[in-house]
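K.L.:
Here are the chains, one letter per residue:
Number of protein chains: 2
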Amino acid sequence: MEMSFEEKDFFSCCGSIRFEKEMALASPFSSFQDAVTAARDIWFNKVDVNGWLEAFLAHPQIGETHSAAKVSDTSAQWSKGEQSTAFATATDSSLQELSEWNARYRQKFGFIFLICASGRSTDEILAELKRRYSNRPIVEFEIAAQEQMKITELRLAKLFSSKTNISSATNK
Amino acid sequence: MEMSFEEKDFFSCCGSIRFEKEMALASPFSSFQDAVTAARDIWFNKVDVNGWLEAFLAHPQIGETHSAAKVSDTSAQWSKGEQSTAFATATDSSLQELSEWNARYRQKFGFIFLICASGRSTDEILAELKRRYSNRPIVEFEIAAQEQMKITELRLAKLFSSKTNISSATNK
Chain A
1 MEMSFEEKDF
11 FSCCGSIRFE
21 KEMALASPFS
31 SFQDAVTAAR
41 DIWFNKVDVN
51 GWLEAFLAHP
61 QIGETHSAAK
71 VSDTSAQWSK
81 GEQSTAFATA
91 TDSSLQELSE
101 WNARYRQKFG
111 FIFLICASGR
121 STDEILAELK
131 RRYSNRPIVE
141 FEIAAQEQMK
151 ITELRLAKLF
161 SSKTNISSAT
171 NK
Chain B
1 MEMSFEEKDF
11 FSCCGSIRFE
21 KEMALASPFS
31 SFQDAVTAAR
41 DIWFNKVDVN
51 GWLEAFLAHP
61 QIGETHSAAK
71 VSDTSAQWSK
81 GEQSTAFATA
91 TDSSLQELSE
101 WNARYRQKFG
111 FIFLICASGR
121 STDEILAELK
131 RRYSNRPIVE
141 FEIAAQEQMK
151 ITELRLAKLF
161 SSKTNISSAT
171 NK
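Taken in sequence, the protein lines are chains A and B. So in our numbering the end of the first sequence lands on 172, straight run, no missing numbers. So in our numbering the end of the second sequence lands on 172, straight run, no missing numbers.
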């Protein structure tokens with residue numbers, strides 16, 4: 001069965017306009033795996049460095065819920081869900097420390113700290129932020145892009161799952 | 001003998017504000033080699049990816065003389081000098097081809113094709129542009145930054161040489 005999506009569905013998965021348009025051109029996809037293969041090729045080979053920075057802006061700072069760029073309700077909701085473990089394990093002092101390190105990171109690298117947060121506690125995220133802070137800017141830029149791809153894959157899975165549910169409900 | 005420079009001298013070498021400010025903080029330098037060591041550390045470890053993109057804008061497209069960003073007369077003049085071999089070996093058709101490939105490159109990567117052009121003919125530059133065009137965006141971004149550093153080193157050498165000349169003329 002081929003899954004058909006709208007452009008804005010892809011933008012909710014990854015906030016780069018080039019990504020959204022190329023995914024729409026590559027669709028429909030015969031499987032989730034096909035969509036992931038296309039998404040990886042587009043993100044790493046076709047989206048340029050400005051597109052990477054654009055997509056990063058669609059995320060809230062880790063530990064927060066509002067992003068710098070205007071995003072869809074779907075994207076905002078997914079982001080909250082991805083951070084649910086972090087929010088559940090946070091204390092006032094760890095949130096405060098996270099906020100300070102977020103600011104240091106942004107000051108050094110010029111974009112927000114990006115991490116695929118699913119299932120990770122605030123302490124784990126903070127340790128990772130501190131570890132990555134010592135990287136060279138170009139090295140960190142590529143790591144952030146890899147984290148973005150992990151987030152995109154999780155979101156594509158949610159997209160496919162929601163369409164399958166709608167489709168089975170319709171076929172009943 | 002310690003060489004002292006103004007901030008704007010460093011900006012003429014590399015059009016990133018962060019680079020300019022950090023070089024001013026690191027100066028004065030006791031030798032040209034000290035300045036190059038500081039410049040490399042600042043460019044690769046402290047200037048972020050936005051700063052790299054900012055510096056790229058200070059260059060004219062190869063084969064041309066005007067840059068996207070406003071630059072000093074010194075920078076514009078150095079750029080012409082660096083391209084003197086290219087201009088001397090250019091034909092109407094090679095300039096036309098270069099212009100077309102520049103546009104393709106910019107379309108793919110989101111910044112202009114950057115190369116340390118000193119002593120290179122138009123044909124050599126064109127061959128390099130075509131070869132590099134197949135790179136992934138992030139790979140090409142780092143190569144462009146390395147070319148920027150080569151240009152910066154040549155310009156720092158000119159800066160030191162001009163100050164030495166002024167200084168020996170004053171001491172006569």
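Everything labelled a hint here was simulated from the structure, so no lab data went into it. Note that CB positions come from ideal geometry on N, CA and C, so glycine has one too. Don't take every hint at face value.
As the list claims (entries may be wrong) - Here are the simulated lysine-lysine pairs, DSS-like style, with alpha carbons at most 25 Å apart:
1) A/K46 <-> B/K108
2) A/K130 <-> B/K163
3) B/K80 <-> A/K108
4) A/K8 <-> B/K108
5) A/K8 <-> A/K70
6) B/K80 <-> B/K46
7) A/K21 <-> B/K108
8) B/K70 <-> B/K80
9) B/K46 <-> A/K108
10) A/K108 <-> B/K158
11) B/K70 <-> A/K46
12) A/K150 <-> A/K163
13) B/K108 <-> A/K150
14) B/K108 <-> B/K163
15) A/K108 <-> A/K8
16) A/K108 <-> B/K150
17) B/K8 <-> B/K80
Said to hold, decoys possible - Derived coverage of chain B by chain A (criterion: at least 3 residues anywhere in the stretch with Cβ under 8 Å from a Cβ of chain A; other residues may be distant):
18) 33-47
19) 112-123
20) 135-141
K.L.:
If you look at each residue in the region 33-47 of chain B, do at least three have a Cβ nearer than 8 Å to any Cβ of chain A?
P.N.:
Holds, because 4 residues of the region 33-47 of chain B bring their Cβ atoms closer than 8 Å to Cβ atoms of chain A.
K.L.:
Given the hint that A/K8 pairs with A/K70, does the C-alpha gap stay at or below 25 Å?
P.N.:
Status holds; Cα separation ~13 Å.
K.L.:
For the pair we were handed, A/K21 and B/K108, check the Cα-Cα distance against 25 Å.
P.N.:
holds, 15 Å
K.L.:
Holds or violated: A/K150 and A/K163, Cα atoms, limit 25 Å.
P.N.:
Distance of about 20 Å is within 25 Å: holds.
K.L.:
Are B/K70 and A/K46 close enough, with their CA atoms no more than 25 Å apart?
P.N.:
Violated, at about 29 Å.
K.L.:
Are A/K8 and B/K108 close enough, with their CA atoms no more than 25 Å apart?
P.N.:
holds, 23 Å
K.L.:
Are the Cα positions of B/K80 and A/K108 separated by 25 Å at most?
P.N.:
Violated: B/K80 and A/K108 sit about 33 Å apart, past 25 Å.
K.L.:
Hey, B/K108 versus A/K150, does the alpha-carbon distance stay inside 25 Å?
P.N.:
holds, 24 Å
K.L.:
When I compare C-beta atoms, does the region 112-123 of chain B have three or more residues closer than 8 Å to chain A?
P.N.:
Per the Cβ count (0), the hint is violated.
K.L.:
Would you mind confirming whether the straight-line C-alpha gap from A/K108 to A/K8 stays at or under 25 Å?
P.N.:
violated, 32 Å
K.L.:
Does B/K163 sit within 25 Å of A/K130, going by the straight-line distance between their CA atoms?
P.N.:
Outside the cut-off at roughly 43 Å; violated.
K.L.:
For the pair supplied as a hint, A/K46 and B/K108, is the alpha-carbon distance within the 25 Å limit?
P.N.:
Measuring from Cα to Cα gives roughly 7 Å; hence the hint holds.
The structure is inconsistent with the numbered hints 2, 3, 6, 10, 11, 14, 15 and 19, although it conforms to all the rest.
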